[in-house]
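*Asks:* So you can see what is in the structure, the chains are spelled out below.
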Amino acid sequence: MDKNKVVSMEEALNAIKDETCLMYGGFGGVGNPPSLIQGILDKGVKGLHLIGNDAGFPEIGIGRLFTAERVQTLITSHIGSNPIAGEQMNQGKIRVTFFPQGTLAEKIRAGGVGLGGILVDVGLGTIAAMEKMTTKVRGKEYIIEPALTGEVGIVYAKQGDAYGNLVFDKSARNFNPMVAMASNLTIAEVEEIVPTGELDPEGIITPGIFVNYVVQSEGVNWPWHWET
Amino acid sequence: MDKNKVVSMEEALNAIKDETCLMYGGFGGVGNPPSLIQGILDKGVKGLHLIGNDAGFPEIGIGRLFTAERVQTLITSHIGSNPIAGEQMNQGKIRVTFFPQGTLAEKIRAGGVGLGGILVDVGLGTIAAMEKMTTKVRGKEYIIEPALTGEVGIVYAKQGDAYGNLVFDKSARNFNPMVAMASNLTIAEVEEIVPTGELDPEGIITPGIFVNYVVQSEGVNWPWHWET
Amino acid sequence: MALGDVERQRIARRAALEIKEGMTVNLGIGIPTLVADYIPAEQSVMFHAENGILGVGPSPETGKEDENLCNAGGFPVTLIPGASYFDSTLAFGMIRRGLIDLTILGALEVSEKGDLANWIVPGKKVPGMGGAIDLAQKSRRVIVLMNHTDGKGRPKIVSTCSLPLTAPRCVHLIITERAVIEVQEDGLALKEVLSPYSLQEVVKATGAPLMY
Amino acid sequence: MALGDVERQRIARRAALEIKEGMTVNLGIGIPTLVADYIPAEQSVMFHAENGILGVGPSPETGKEDENLCNAGGFPVTLIPGASYFDSTLAFGMIRRGLIDLTILGALEVSEKGDLANWIVPGKKVPGMGGAIDLAQKSRRVIVLMNHTDGKGRPKIVSTCSLPLTAPRCVHLIITERAVIEVQEDGLALKEVLSPYSLQEVVKATGAPLMY
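Here the protein sequences line up with chains L, V, F and S, keeping their order.
In this text, residue positions in the first sequence follow the numbering used here: the first is 1, and each later residue adds one.
In this text, residue positions in the second sequence follow the numbering used here: the first is 229, and each later residue adds one.
In this text, residue positions in the third sequence follow the numbering used here: the first is 457, and each later residue adds one.
In this text, residue positions in the fourth sequence follow the numbering used here: the first is 669, and each later residue adds one.
Hints in this document: simulated from the structure, not taken from any laboratory.
A quick note: this is a predicted structure, and the numbers were derived from the prediction, not measured.
Don't take every hint at face value.
Quick list of in silico lysine-lysine cross-link-like pairs, DSS-like style, CA-CA up to 30 Å [claimed, not checked]: (1) F/K580 <-> V/K360; (2) V/K364 <-> L/K140; (3) S/K688 <-> V/K231; (4) F/K476 <-> F/K569; (5) L/K140 <-> V/K245; (6) F/K520 <-> F/K581; (7) L/K3 <-> F/K520; (8) V/K231 <-> S/K732; (9) V/K233 <-> V/K386; (10) L/K140 <-> V/K368; (11) S/K859 <-> S/K872; (12) V/K360 <-> F/K581; (13) L/K158 <-> V/K386; (14) L/K46 <-> S/K792; (15) L/K158 <-> L/K46; (16) L/K17 <-> L/K3; (17) V/K364 <-> F/K569; (18) S/K793 <-> L/K93; (19) V/K233 <-> V/K271; (20) V/K360 <-> L/K132; (21) L/K140 <-> V/K360; (22) V/K274 <-> F/K580; (23) L/K93 <-> S/K792; (24) S/K792 <-> S/K872; (25) V/K364 <-> L/K132; (26) F/K581 <-> V/K321; (27) F/K580 <-> V/K321; (28) V/K360 <-> F/K608; (29) V/K274 <-> F/K581; (30) V/K368 <-> F/K569; (31) S/K793 <-> L/K140.
For reference, chain L alone in the conformation it holds in the complex (with noise of 0.2 Å):
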C-alpha cells in the first residue's frame, strides 16, 4: 500500500480552523503533539472546541492553547494542573464538561469504532451522574453515556509510516489510539517516519487506516514541570 499520507504541516493544518472540535491525544502534557500545538498557535487558530483528558499545564502541551486564549469550550477529565483554564472556566470565558476519566476514554473509543455510546456505572450515587439518562440493565443500574466524536483529531506518536500505521512511545501512549480512531480526520505527528513495511505488524497499535495525514515532528519545545 503506497498510498502516501506524508504532508507539510502547513497542509495538515487546513484542517484546523477557527471553531473547530479539535480532540487531543495526551496526559498532564505527556503524548501531547507539540508541532501541531506550535502551528496552531503560530496559525493563529481561535474558538476551538477541545476534546481530550485534561488541560495540560499552562506553558505544556495543548495547554498552551488556553494560555493563548485559543479555546471556546472542553470535554475532559479535569484541569487541576492547568489554573489559567481554570481562571478561564470561572470568569466563563470557557465552558467546560467532566467526565470520570476512564468514562471520557470509553466514550471516545467508542466515537473511534462506530458505537452510539456505552452503558457505565461510575459516577452512580454521586452528582456526576446527575441529569444523566440511565438504563437498567439485568436488574442493575447503569448511565447510558454517548459516544464521542471530533472533526480533527491530532496524536502524537513515535514512529508512523506513509500509510498511517503509528508506533507509541511509554506512557505517551494514554488516550492517542482513541483519538486517533474517533475524528472525521486524523493528523499523526510522528517523531521518525519510517518505511512502510518496517513497522512489525504485530506491534502496530493505530492501523494507517484511521489515519489521513502524518507530520514530521520537530519534538518537544517546552520544559517539563519536573525538570523546573
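Fit chains V, F and S to the known structure of chain L by using the hints.
*Replies:* Using the frame of chain L, we list chains V, F and S on its own:
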C-alpha cells in the same frame, strides 16, 4: 513481580466443571487453545455453556467439544463451519444465540473492561434487532447490548510469562484479548513461557493482571481443513 | 443451479474492475475470495480480513502456509508491506466506523431497492450471521456476486425480498453470470449483459423491472 | 493546617504496612505517592498508573528521566520486570473490572459510612474528578491518607459529608497524622493513636463517633 501463575494442565482444569460458562478465544479454529480443549475432553466435562465467535470445525478447535457432545448452550456469531453443531441445534440438543460478529466482540470486551454494555446500530431494520431493547442518542436509534462475561475464559497465546502477560500470534489474536479480560478466571495456554521481564512492555497485548493461570501448550493437535 | 468454475472466475474478474487504486476492500467467502487474483499487481489495495488483518496478500505457496496467518474463511494468506494485526473489536471498529470502501459478498436475494438477504433460509437451519450484517450495513459500497437464479431457476433479483434481510438498502451493484446491474435511486439499471446470454434471457431471469 | 514533611512521611510509612505481597496498587498524587518509598524491596507489588502503566518502579536518577515514562501525576518513573504499557481504556478497564486491590488517595471529607468527598469544594473552582471516581468506586480496598482536620482545625472525618461525594461507602481505612481508623459496618473503629497525640485529642478532632 514474581507471582507465579504457571500451573499444570490438571490444576488449571479444576476450574472447568460440568455446566461451567466457558468463554473461548479463536476464529475458525485459529487461536482456539488446543491443549485446554484436549484436557476438557479428557476430563469428561459436559453440559458446558460456551461463548465464542464460532463453533470451529467438527474436528478442529472448539468444534471438538460439539462433536463429543459436551455443549449445552452457545452464544456466538455463526456456526456455519460446523455442521455437527448445526445438527445439534436443529435437533434441540443445544441452544444457540447469535449476534453480529462485531457486536459479539464488543459485548465481550464490555464485560472485560467492566462496562454494562454498548449501544450499537448494526442489525437495526433486520430480524437481528427483534425484541431488542433500543434507545435514542442524539435522535438516532441504537440497540442496547448488555456486556457478556464468563466463569472461565480460555485463550491461546504465542508467548507468556509467569505473571500472565501475553502476546498472540498473527491472526490467532482475534477474540483472545477480549476473552482474556471477560471472565472471572482466565486460563492462558501459551506456546512459549518466557522469563518475566523478557516480553517487550510495548508489545504486551494482554497485561498479566487479567490472567489467573498460565499453562504450557502442546501445540495444535488437529489437521487444518486446508491441509486435507 | 451451481455455477461452473469458468463462470465463477468470470464473475470474479468482472468484479475486480470495480476495485480502484487506494481502496480498502473486504472480500467475503466463495466467489468474492477469487476477486483478489484479478487485481493488477501495480494497483495498491488494502484487503481487510475481519478476523484481524489489514493488508492481506496472496495465498502462500503450498508448504509455506502459516496456520496462524489465515483470512476470515480460514485459508492461509500472506501480508503486504504496511499490513497490521489487531483484535476483532478493532477489525469491526474499522467496519462500523465506515472505513471499508468496498465489500464484495454473496447473496440469496437482492431487491430492487438494494435490500440484501444472505443469512436465513426459512425452514433450513440458520448458521448465524457472522460478520455479514456489520459489513453489509456499514461498508461504503457493497457489491453482490451471485448466480442470477436459484437452484430451481427462480430469480434471486426480486422486487421485494421474501427472506429476512441481512441489511436494508445496502447493495450498490450486482454481478452475476448473466449481467451487471446497478441499484439506483429509481430502480435497477442493467449495465452489461454477459455473453452468451441475451438481453431477453437476463430480463426473464430477473424478478424486478430493469432499466436499460 | 498543612502537614509538615515529617508527618507526611510518617503517614506514608504507616500506609505502606497495608500493602501486602502480590497486591496491585494505585497510588494517588500527594502523600500517597510517597508510600512507594516504604515498600520493602523483597515484597512484590504491582503499581498501577492510570495513564497506562502496570509495574511502575522507583523514580529514575536525576538526568536519567524519560519524558515519555511518567506516572499519572506527570513525574518520571521506571519499570519493573513484568511491566506493560497500554492505552487509557485498558488502564481504566482494569479499574472498573475490580482488579485494583488497593487504592490510596487523599480526601477532603470522609464519613462514618466510608463516603468519600475529594473533588468538589463548593464556591471554589472545580477542576474535575479525573480518575478519582473510577478508582474510589471500583477498587477492592480504598485507603485515605489526609490531615485529620482542615485548615481551620475542623474535623475532616464526619458523620455525614457536607461536600458532594466522589463515591459513597468506598473507604475502608483512614490514616492521618493522629490516628488509624477503620470503617466498619457499625461505624468507625479507632485502631491506632499516633504519638504525640492523645486519645482525647483524636476523639475531639473527629466529627463522628469512634469505637475504641
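*Asks:* Does each hint hold? Answer for all of them.
*Replies:* Status of the hints after comparison with the structure:
Pair hint F/K580 plus V/K360 holds up; C-alpha atoms about 24 Å apart against a cutoff of 30 Å. With a C-alpha separation of about 20 Å, the suggested pair V/K364 and L/K140 falls inside the 30 Å cut-off, and the hint holds. Using a Cα cut-off of 30 Å, the hinted pair S/K688 and V/K231 holds, with the two alpha carbons roughly 12 Å apart. Restraint check for F/K476 and F/K569: satisfied, since their Cα atoms lie roughly 25 Å apart, inside the 30 Å limit.
Annotation: proposed proximity of L/K140 to V/K245 holds, straight-line Cα distance about 28 Å (limit 30 Å). Proximity of F/K520 to F/K581 is assessed by CA-CA distance (about 36 Å); at most 30 Å being required, the pair is judged violated. Restraint check for L/K3 and F/K520: the C-alpha separation of about 29 Å stays at or below 30 Å, so the hint holds. A hinted pair counts as satisfied when its Cα atoms are at most 30 Å apart, and V/K231 with S/K732 qualifies at roughly 29 Å.
Of the pairs offered as hints, the one joining V/K233 and V/K386 holds, with about 16 Å between alpha carbons and a cut-off of 30 Å not exceeded. Simply put, L/K140 and V/K368 have alpha-carbon atoms about 24 Å apart, close enough for the 30 Å limit, and the pair holds. Our distance criterion of 30 Å between C-alpha atoms is met by S/K859 and S/K872, whose separation comes to about 16 Å. Between V/K360 and F/K581, the direct Cα distance comes to roughly 22 Å. Compliance with the 30 Å bound is thereby established for this hinted pair.
At most 30 Å may separate the alpha-carbon atoms for a hinted pair to count; L/K158 and V/K386 meet this at roughly 26 Å. Distance restraint check for L/K46 and S/K792: the Cα-Cα separation of roughly 28 Å lies within the 30 Å cut-off, and the hinted pair is therefore satisfied. Straight-line distance between C-alpha atoms of L/K158 and L/K46 comes to about 28 Å, which keeps the hinted pair within the 30 Å bound. Proximity of L/K17 to L/K3 is assessed by CA-CA distance (about 25 Å); at most 30 Å being required, the pair is judged to hold.
Note on V/K364 and F/K569: the hinted pairing holds, with a Cα-Cα distance of about 26 Å set against a maximum of 30 Å. At most 30 Å may separate the alpha-carbon atoms for a hinted pair to count; S/K793 and L/K93 meet this at roughly 14 Å. A threshold of 30 Å between alpha carbons decides the hint, and for V/K233 with V/K271 the separation of about 21 Å falls inside it, so the pair holds. Proximity of V/K360 to L/K132 is assessed by CA-CA distance (about 22 Å); at most 30 Å being required, the pair is judged to hold.
The straight-line distance between the Cα atoms of L/K140 and V/K360 is roughly 17 Å, inside the 30 Å bound, and the hint therefore holds. Between V/K274 and F/K580 the alpha-carbon distance is near 28 Å, which keeps this suggested pair within the 30 Å criterion. For a cut-off of 30 Å, the pair hint linking L/K93 to S/K792 stands: about 16 Å separates their Cα positions. This hinted pair checks out: S/K792 and S/K872 have alpha carbons roughly 28 Å apart, not beyond 30 Å.
A hinted pair counts as satisfied when its Cα atoms are at most 30 Å apart, and V/K364 with L/K132 qualifies at roughly 14 Å. Among the hinted pairs, F/K581 with V/K321 is consistent with the structure: their alpha-carbon atoms are about 14 Å apart, no more than 30 Å. Under the criterion of a C-alpha separation no larger than 30 Å, the hint pairing F/K580 with V/K321 is consistent with the structure, at around 16 Å. A distance of roughly 36 Å separates the Cα atoms of V/K360 and F/K608; the hinted pair therefore is violated under the 30 Å criterion.
Restraint check for V/K274 and F/K581: satisfied, since their Cα atoms lie roughly 24 Å apart, inside the 30 Å limit. As the CA atoms of V/K368 and F/K569 are separated by approximately 22 Å, the hinted pair is consistent with the 30 Å bound. About 33 Å separates the Cα atoms of S/K793 and L/K140, which puts this hinted pair outside 30 Å; it is violated.
The structure fails to meet hints 6, 28 and 31 from the earlier list, while all remaining hints are met.
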